[in-house]
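Participant: The lines below spell out each chain.
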Amino acid sequence: MKSSTLGALTLAIYLITPVRAEEIVVIVNPAAAPISKQQLADLYLAKSSSLIPIDQAANSAMYVEFYKKATGRDTAQVRAIWSRILFTGLGIPPKQLPNSAAVKKAVAANPKAVGYIEKSAVDASVKVALPLD
Amino acid sequence: MNFTRDFAIGAAVFALAAIPARGAPAIDEYVTFSGFGTLSEAHSDYRLADFTGTITAPDGVGYTRSWSPALDSDLGVQANITLTDALSGVVQVLSRDDVDGNFKPALEWANLKYEVTSDLSLRLGRIILPTYDRSDTQNVGYTLPWVRVPAEITYTGSATYADGVDALYRVKTGAVTQSLQLQWGTATEDLPGLAFTSNRAHVMLFEDTLQYGAARLHLAYEKCDTLGFPPSRLDLVDAGFTYDPGAWFVTAAGNHTQDTYFGDFISGYVSGGIRVGRFTPYTLYSSTHAQSVGSSGLRSLGDQHTVAAGLRWDFAENLDFKLQGEQVTIDTLDDPAAFSRLQPGVHIGDKANVLSLALDFVF
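Residue numbers (the numbering used here), protein chains in the order written: chain F, 7 to 139; chain A, 2 to 364.
For the record, the hints were derived by calculation from the structure and aren't laboratory data. It is possible that some hints are incorrect.
What the hints assert, rightly or not - Derived PhoX-like pairs (lysine-lysine); straight-line CA-CA distance at most 20 Å:
hint, chain 1, residue 1, chain 2, residue 2
1, A, 173, F, 53
2, F, 133, F, 111
3, F, 53, F, 101
4, F, 110, F, 125
5, F, 43, A, 173
6, F, 118, F, 53
The shape of chain F in the complex, shown without the other chains (with noise of 0.2 Å):
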């Protein structure tokens, strides 16, 4: 019991600590036009519809940081923006996926498609839009 909850505390610390050392990038299709960062903050925030934003998962930390740098906005605001267009029903949250090689596989395969990796996953498949530090 004891050992696997420190087994579960080291695995997380195995998790987030990478991510967190790590640059992230935004990524999108190669055919993709490059964005700027007020783009990148309107598609996170639902003010623009021009592209599909696409999320990793909720509270990872790569999520967490990618909102903070992206928008200057913690998880609950975000959280409290999306309800509101959600439940004004004019549009949905960006799809979750579990992680950056599900984002950058949804991104390789649509045009329209912008997504946030850290830097050592990006490859021929994808386009750095923008690098976030």
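Following the hints, put chain A in place on chain F, whose structure we already have.
Facilitator: Chain A alone, transformed into the frame defined by chain F:
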């Protein structure tokens, strides 16, 4: 008579019902389910009338009973359906204490949306009627700073949806984002005074929401022509402002209504709060005042004002708990906005102390 409604809802429901027949993709590929709700209790110490919190409830707390969960409890379930890149639909079913005093689930929205471009959309069916700054999510407690939208601000127009069509257009001018909405349809207006509930009305609405950084401005004009009795024409202008940089917020709204039958009204509220970790203490002042007498002959209809303070606690993901205390002053004997069942002995200036507890959730 109800052609617009029947046609609009019929068309939307038909199109939505036709989706599963396409088979092929897994259900979560084109349907997203979500929901919201509130569990609450409210209490009033004023025994000579019922505090209802809204004009549409037949009774409340104070006279009929001391405590009640019915004022603010609700449950909504929503399905967003993506048909193609351009065509989508939304259906929302809402259960809350209604004019008949039961929680029978009712269709709040059922509409189809066609995106002509990424900035222009057209909708058909049962569509939200965004008369007020907060009317877009007034049933979703989680998105509100308070336990409920102040009864004063919604006194003159209580319809939350219309059956018809609308156009949505988004314009970016520098850092300012504008969302424009133009809407036609028929709505069910619950007019002041329970004798006149469930009037169908032709409604036209124009709304403009401007966002600039952490500031948001809502402007709306609504025109209603009642189809039944009493014959009335309503013109409502509403403005709402919110500034929410994160660590604190201020929000205020006001509206002016001209109603040929009930008279002219002016209503408003101002509110603010500070976010300290997971806690958000807030205060609220709201008021409604009749400025003239319409052909009904009723004077100072709806008059009341409220001073409130509360605390929101975001104790877990997608959950919050609120505790709100308010003092509501009765400024008329002609249907004060948030009261019903006035008993002999009620005087102008009487105050009701109301305590509300609410647990809000979204899923």
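Participant: Run every hint past the structure and note whether it holds.
Facilitator: Here is what the structure says about each hint:
1. The hinted pair formed by residue 173 of chain A and residue 53 of chain F meets the criterion: a straight-line CA distance of about 9 Å does not exceed 20 Å.
2. Using a Cα cut-off of 20 Å, the hinted pair residue 133 of chain F and residue 111 of chain F holds, with the two alpha carbons roughly 12 Å apart.
3. Under the criterion of a C-alpha separation no larger than 20 Å, the hint pairing residue 53 of chain F with residue 101 of chain F is consistent with the structure, at around 16 Å.
4. The suggested pairing of residue 110 of chain F with residue 125 of chain F holds, with an alpha-carbon distance near 12 Å, which does not exceed 20 Å.
5. With a C-alpha separation of about 15 Å, the suggested pairing of residue 43 of chain F with residue 173 of chain A holds against the 20 Å cut-off.
6. Proximity of residue 118 of chain F to residue 53 of chain F is assessed by CA-CA distance (about 16 Å); at most 20 Å being required, the pair is judged to hold.
When the structure is compared with the earlier hints, no violation turns up for any of them.
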